[in-house]
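*Asks:* If you read the sequences in order, they're chains A and B.
Counting along the first sequence from 1, when you hit position 204 you're at 204 in the working numbering, and nothing is skipped either side.
Counting along the second sequence from 1, when you hit position 61 you're at 61 in the working numbering, and nothing is skipped either side.
Just so you know, these hints were derived from the structure itself, not from any lab.
Hints are not guaranteed to be accurate.
[Said to hold, decoys possible] Computed Cβ-Cβ distance ranges for the label pairs, DEER-style:
#1 A:THR110 - B:GLY249: 38 to 44 Å
#2 A:GLU91 - B:LEU102: 27 to 33 Å
#3 B:LYS264 - A:PHE235: 16 to 22 Å
#4 B:GLU278 - A:PHE235: 32 to 38 Å
Remember, it's a predicted structure, so these values are computed and weren't measured experimentally.
We treat Cβ as the ideally placed atom computed from N, Cα and C, and that holds for glycine.
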Amino acid sequence: MVISGKGGTGKTSITASYAVLGGKEVVVADCDVDAADMHLLLKPDFKHKEKFYSGKIAEINQDECIKCGKCKDVCRFDAVPVIDGQYEIDEINCEGCGYCFHVCPTEAITMKDSLSGDFFISKTRVDNTLVHARLAIAADNSGKLVTQVRTEAKRIAEENNIPYVIADGSPGIGCPVVASVTGSNLVVIVTEPTVSGIHDMSRVAELIGKFGIKSVCIINKADLNDDITQEIKRFLNNNKIPLIAELPYDLTFADAITAGKTIVEHDSGMISRTIRESWKKILKTV
Amino acid sequence: MFFVKRMKIAIASGKGGTGKTTLAVNLASFIVQENSDNRNVVLADLDVEEPNSGLFIKGQLKKSEVKYRMVPEWVENRCTFCKKCADVCNFNALAYIGVSVLIFPELCHSCYACSELCPENALPMKADRMGEMRYFLIDNGLHFVESRLDIGIEQAVPLIKQTHEFLDSEFSDDDIKIIDSPPGTSCPVIEAVKDADIVLLVTEPTPFGLNDLKLAVDTMKELDKRFAVVINRYGIGNDEVERFCEKNGIPVFGKIPQMHEAAKLYSNGKLLIDDIKEIRDEIGKISMNVKMIR
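With these hints in hand, go ahead and build the complete structure from the sequences.
*Replies:* Structure representation (structure tokens):
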């Protein structure tokens with residue numbers, strides 16, 4: 001299952017809580033590779049680490065270059081600037097399409113592997129396996145790194161007979177999100193009763209609908225705006241998305257993060273109880 | 001004649017939900033309201049996956065354009081099945097199966113290699129809809145441009161790029177431009193902040209905020225961008241973000257206080273500067289700091 005929604009709605013706090021509640025029964029995948037924060041709460045050991053390469057990047061061998069300019073002419077990404085009379089590759093702009101490589105008459109261009117990021121498999125302090133990653137600075141291909149995290153988590157779960165994989169998704173509706181929801185059985189949409197929360201939720205719900213994946217919803221900060229909370233409930237009703245929890249607007253969430261704990265460990269009252277109950281509902285659904 | 005400084009301010013953050021849109025709409029509206037130097041102010045929402053700025057400001061629609069990107073189209077009767085197209089495509093967007101060429105537009109990066117290297121001209125490029133761009137004149141005088149990716153389209157970069165092109169053609173360097181960027185540190189952010197004179201990184205004073213700020217700072221350094229930090233929800237968490245900025249010589253342009261009233265106004269799509277004096281003062285300070293940069 002994947003946790004999805006607008007930034008700042010509490011995806012990571014909730015996913016980390018489920019990781020604590022699930023313990024050995026879950027493999028956790030942090031699919032928000034752009035801004036991975038799960039490790040701050042679950043304190044993984046970073047035991048297994050590898051470099052993840054995906055895609056290509058062009059490189060010009062200046063000794064072979066005859067400065068014909070064909071590479072620059074065909075590039076659609078402004079990735080071949082001329083610097084001091086030399087044709088160079090702008091590594092940030094290069095998409096790795098290889099068009100320049102194909103048209104270079106002197107074979108001065110090679111396509112080398114491009115580093116997408118670091119990839120980790122860890123044991124967490126609550127004894128589950130965490131698959132996580134760190135996108136390389138200014139790297140492309142975050143979608144591919146997400147796919148790697150997701151498929152590796154699934155493989156580990158299958159090999160060790162672990163029943164559940166829970167993934168923390170990234171905000172948006174683009175390639176990293178599509179990469180994280182692909183192949184999942186359930187999407188948990190976390191939203192908040194704000195004009196932007198409901199706007200983003202309806203876009204994510206439509207995307208998930210296109211994939212035909214079942215979804216449930218959690219409204220965080222539900223007491224911040226009663227009118228919009230009601231509006232969200234009507235939307236959920238109309239789209240047959242079950243509401244599994246309503247959480248209050250409460251600074252305890254920030255306190256828990258600051259203490260390096262999950263909210264279910266930090267809070268012993270209503271918030272913690274509501275999240276525990278929502279976890280039970282999820283287990284019944286999947 | 002006097003010299004007008006070019007001012008393109010991008011607002012970004014590693015983590016989502018830290019307050020980029022809040023800062024963008026309030027800062028842009030503040031600068032328009034003060035209007036101290038009579039320049040046009042343009043706000044562009046380039047968080048094309050989830051554009052939210054428009055929820056906080058209302059005005060007249062001036063222009064609406066459907067945006068397209070180019071993808072190849074297979075012309076069967078010209079194809080000689082040489083397979084060159086599938087060989088050159090580095091994105092697996094073309095597959096040669098049996099006696100046909102299948103195209104997967106979602107994987108296509110519009111590099112034109114298959115199309116232009118096809119010896120039979122059997123893969124002409126055609127326009128494929130990816131989203132919509134709209135240009136509004138807001139009631140307070142602000143110019144507002146927003147682009148919105150269609151649901152199901154995965155690549156945000158081409159739409160961001162085309163919106164930049166519109167901004168460059170419609171407005172001049174005399175106009176103050178404010179860019180609301182997508183969250184994260186990958187390709188859409190890099191495209192959104194490209195060409196900005198300064199990037200304001202919005203963060204919150206928690207360990208999540210700090211972790212993601214560090215990633216955003218590294219990205220800005222890699223891009224050789226000038227940047228400063230704005231701390232939102234100041235008062236929650238701890239002082240590690242401030243200490244990090246101090247230690248690394250990163251200027252903090254403003255600290256927007258944590259207030260329940262602000263969260264409430266935000267939830268209703270209201271500007272904070274109109275109702276909360278403390279926040280208006282802080283936005284004023286950020287505006288001043290931005291204008292002071294050389």
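*Asks:* The structure should be examined with respect to each hint, and the outcome stated for every one.
*Replies:* Consistency of the hints with the structure:
Taking 38 to 44 Å as the suggested C-beta distance range, the pair THR110 of chain A and GLY249 of chain B conforms, at roughly 39 Å. For the pair GLU91 of chain A and LEU102 of chain B, the supplied restraint of 27 to 33 Å holds, since their beta-carbon distance comes to about 31 Å. Under the hint 16 to 22 Å, the C-beta atoms of LYS264 of chain B and PHE235 of chain A, about 21 Å apart, fit the expected range. In this structure, GLU278 of chain B and PHE235 of chain A meet the distance hint of 32 to 38 Å, their C-beta atoms being roughly 34 Å apart.
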